[in-house]
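For reference, the chains in residue letters:
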Amino acid sequence: MNTKAIAVAMSGGVDSSTVAAMLRAEGHNVIGLTMQLWNQRRLAGHEGMPESVKGRCCSLDDVYDARRVAEHIGIPYYVVNHEERFERDVVRPFVEEYLSGRTPIPCSLCNNHLKFDQLLIVAQQIGAEQVATGHYARVAYDEARRRWLLKRPADHSKDQTYFLFGLTQEQLSRTLFPLGDMTKPQVRELARKQGLALAEKPDSQEICFVPGGDYKRFIDAYLADRGESLPDTAGELVTTSGEVIGEHGGIHNFTVGQRKGLGVATGSPLYVIQISGADKQVIVGGDEHLYSRTLRARRLNLISVDGLREPMRVSVKIRHRHEPAPGMIEKVGEDEVTVTFDQPQRAITPGQAAVFYDDDIVVGGAWIA
Amino acid sequence: MRRVYLDNNATTPVLPEVIEAMRPYFGERFGNASSIHHHGQDTRAAVENARESMATLLGCRASEVVFTSGGTESDNLAVAGLVAAGDHVITSSIEHHAVLHACKHLEEIGCEVTYLPVDGRSLIDPDDVRRALRPNTKLVTVIMANNETGVLQPVEEIGKIAAEADVYFHTDAVQAAGKVPIDVKKIRCDALSISGHKIHAPQGTGALYVRKGTHIQPLFYGGRHERSRRAGTENVPGIVALGKAAELALQGFANGNDRTMAASRDRLQQGILAQVDEAGVNGEGASRVPNTTNIYFDHIEGEALVIALDLKGLAVSTGAACSSGAIEPSHVLTAMGLRADRARSSLRFSLGKQSTAEDVEFALALVPKTVARLRELSPVYRKTATSC
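One line per chain: the protein sequences are A and B, in this order. With numbering that gives the first Met the number 0 applied, the first sequence covers 0 to 368. With numbering that gives the first Met the number 0 applied, the second sequence covers 0 to 387.
Bear in mind the hints are in silico, worked out from the structure with no lab data behind them. In this text the structure is predicted, and so the values were computed from the model without any measurement. Ideal Cβ positions, reconstructed from N, Cα and C, are used throughout, including at glycine. Certain hints may be false.
[What the hints assert, rightly or not] Capping the alpha-carbon separation at 25 Å, the derived lysine to any residue pairs in SDA-like fashion look like this: (1) B:K368 / A:Q117; (2) B:K368 / A:K215; (3) B:K311 / A:I72; (4) A:K3 / B:K103; (5) B:K368 / A:Q123; (6) B:K103 / A:D224; (7) A:K3 / B:R372; (8) B:K311 / A:A223; (9) B:K311 / A:A24; (10) B:K311 / A:D224; (11) A:K3 / B:V3; (12) B:K103 / A:A24; (13) B:K311 / A:A4; (14) B:K311 / A:Q129; (15) A:K3 / B:E375; (16) B:K103 / A:A4; (17) A:K3 / B:A314; (18) A:K3 / B:S377; (19) B:K368 / A:D116; (20) B:K103 / A:G44; (21) B:K368 / A:A4; (22) B:K368 / A:N28; (23) A:K192 / B:E375; (24) A:K215 / A:L236; (25) B:K311 / A:G73; (26) B:K103 / A:L59; (27) B:K368 / A:R173; (28) B:K311 / A:L236; (29) B:K311 / A:A43; (30) B:K103 / A:A43; (31) A:K3 / B:L310; (32) B:K311 / A:Q123; (33) B:K103 / A:R225; (34) B:K368 / A:L236; (35) B:K311 / A:I120; (36) B:K103 / A:H45.
[What the hints assert, rightly or not] Listing some non-contacts, in silico: residues in chain B with all C-beta distances to chain A over 10 Å: (37) F25; (38) N75; (39) H87; (40) Y114.
Whole structure, please, built from the sequences with the hints as guidance.
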């Protein structure tokens, strides 16, 4: 067999396992790779951290599942250790973003710095020019534009393009998303047909390194493990009209749009409207204050176009579970854009991404400032 | 695809003579060696013959050989079996995990442990052992040949110091056995660990030399097998195989096989270094077992190199596999003072009795060009190269 090798990023879940099985069945020369990103036992013993973690990214169970799939379909399989890079480029920034009053998306950082960077390098070094993953997205070369395009998948309910807006042309040119035209039930059906024992394995939902989704406890445990203390970010709760109505225990406990856990009782419901990292203030107000027509975003990455010379009409997603909303984007700095929506949008959250769509095509994206 | 195996410090293939020797003991010669009837007598004789073969390899009496399930059990039996809470133990920072983690356990049950440092060649200074001695020191345990670098420790000097101080001396000789002659009298050790699968016997076999008169606390409770030092029905086929492997190891020394192997290893090492710049030997200048060389290749990840070589048919190793199978930087190379990136760039090549000159040539044809390819694709190397 002398066909070009394809490396498959295998997490031990149904999606990436099915990708490996599909490509193998099509006769490709497939190499399975699992990235060891985080030692799930590292924070065990810290308060609120479980002793053992099952069914999570990089857990021994997942590596076991991936390895068994590789053995079952008959491909070479390796675990590659990227724990240092993951901590530096994903976990650290995740903690620091929260401590600065923003709400981070570690999955995008992981895609940008690990899955489509380090893994592509390792793949190339071991002789695989292309990497396939189990993401629900589509990639295609557009002759007219002479650009690689990232597109929403057939199954919009599984769309993961929001987390992939940072991919470069070079990265896209070497990436395969074989599940882009399939629905999840179809993927499970295929997994069953291929005889994969994990065909019924439940989907993972939360941030892979945060047990139980409790990011506050994770930050405490992580800093304690590093021998660092939690910086004091306690401060005032202030209304939109500037009135101090109470105190809070730290800005990292809040996210824009949050209603619960404010610690003050008022007649009408209060929401977090804004978090001010500089003066440690959490600004609260009624629901009506959550709506805004504009946002500014930095570290712009463009995919379907090579530049934004004039304002462009697009649909914009401001969080993963958000129906793209129509608006205009305009470049205002070296890698900065403003978005003006047709209709005000609720809870625009710094630290999240604004991803721009032209129908199903991802135009690009940037980080909300 | 042609596959060449140069990872014999991980495990070795069972030699055909060894398979032949053990084969009858799976079927027609099946007795329990403790039974009084014919079948038991037959296998008892086989076990005791194997014990004599192992004793001959180590220069001890047959009664001083305890058969175990392998190197890890031998190390644990020696380390845990010779000390009790309140005792002090001296060991090194480059032990195999079977000793290192056994020592960590001792600390948990109330022992004190001193972990001696090593120099840049991974050598322990015997004077450090002397200086570490305390009134409550009960045991010194030092690896004879390191599994990653192959470097031989000054065990005779350390044995002398231990004997003069009247403390037990154990050495993990798992990677030394069959590669260099072993004489427990010269080493003056009280216990010495052997693993079967490192000397072409099957996995799951091993032995511990325990000097006559040394009381060792067993790990298992049960029957009075192995003179009450290791309960459990003997693994007769495995023990027979281990005896045969010990015989073959001795024959090998008589035939000068160790010198031939050192020559092949040197050819491999020099051949690689002649073709690859910014590479070198870890443990350079120290006396080593004849089958091992550990080479660093600056600017690459050893992990990617091992995978790339495996996909081309060459099996070698790097670092230590953690529970997921991912590679962690070697504690041995780190203890020697290697920078973390250099430790991660290091590969271990280890030959076995079955290795041929063609195997070495195969590696020589493959390794330099694979290193070059990896460096070309390494962002770190490109940056370094362009900034020069």
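Now the hints, each set against the structure:
no. : hint            : verdict
1   : B:K368 / A:Q117 : holds, 22 Å
2   : B:K368 / A:K215 : violated, 49 Å
3   : B:K311 / A:I72  : holds, 20 Å
4   : A:K3 / B:K103   : violated, 48 Å
5   : B:K368 / A:Q123 : holds, 15 Å
6   : B:K103 / A:D224 : holds, 20 Å
7   : A:K3 / B:R372   : holds, 17 Å
8   : B:K311 / A:A223 : violated, 44 Å
9   : B:K311 / A:A24  : holds, 22 Å
10  : B:K311 / A:D224 : violated, 41 Å
11  : A:K3 / B:V3     : holds, 23 Å
12  : B:K103 / A:A24  : violated, 48 Å
13  : B:K311 / A:A4   : holds, 12 Å
14  : B:K311 / A:Q129 : holds, 18 Å
15  : A:K3 / B:E375   : holds, 19 Å
16  : B:K103 / A:A4   : violated, 44 Å
17  : A:K3 / B:A314   : holds, 22 Å
18  : A:K3 / B:S377   : holds, 21 Å
19  : B:K368 / A:D116 : holds, 24 Å
20  : B:K103 / A:G44  : holds, 18 Å
21  : B:K368 / A:A4   : holds, 19 Å
22  : B:K368 / A:N28  : holds, 22 Å
23  : A:K192 / B:E375 : violated, 41 Å
24  : A:K215 / A:L236 : holds, 19 Å
25  : B:K311 / A:G73  : holds, 17 Å
26  : B:K103 / A:L59  : holds, 23 Å
27  : B:K368 / A:R173 : holds, 24 Å
28  : B:K311 / A:L236 : violated, 63 Å
29  : B:K311 / A:A43  : violated, 39 Å
30  : B:K103 / A:A43  : holds, 19 Å
31  : A:K3 / B:L310   : holds, 13 Å
32  : B:K311 / A:Q123 : holds, 14 Å
33  : B:K103 / A:R225 : holds, 22 Å
34  : B:K368 / A:L236 : violated, 63 Å
35  : B:K311 / A:I120 : holds, 18 Å
36  : B:K103 / A:H45  : holds, 21 Å
37  : F25             : holds, 27 Å
38  : N75             : holds, 23 Å
39  : H87             : holds, 28 Å
40  : Y114            : holds, 22 Å
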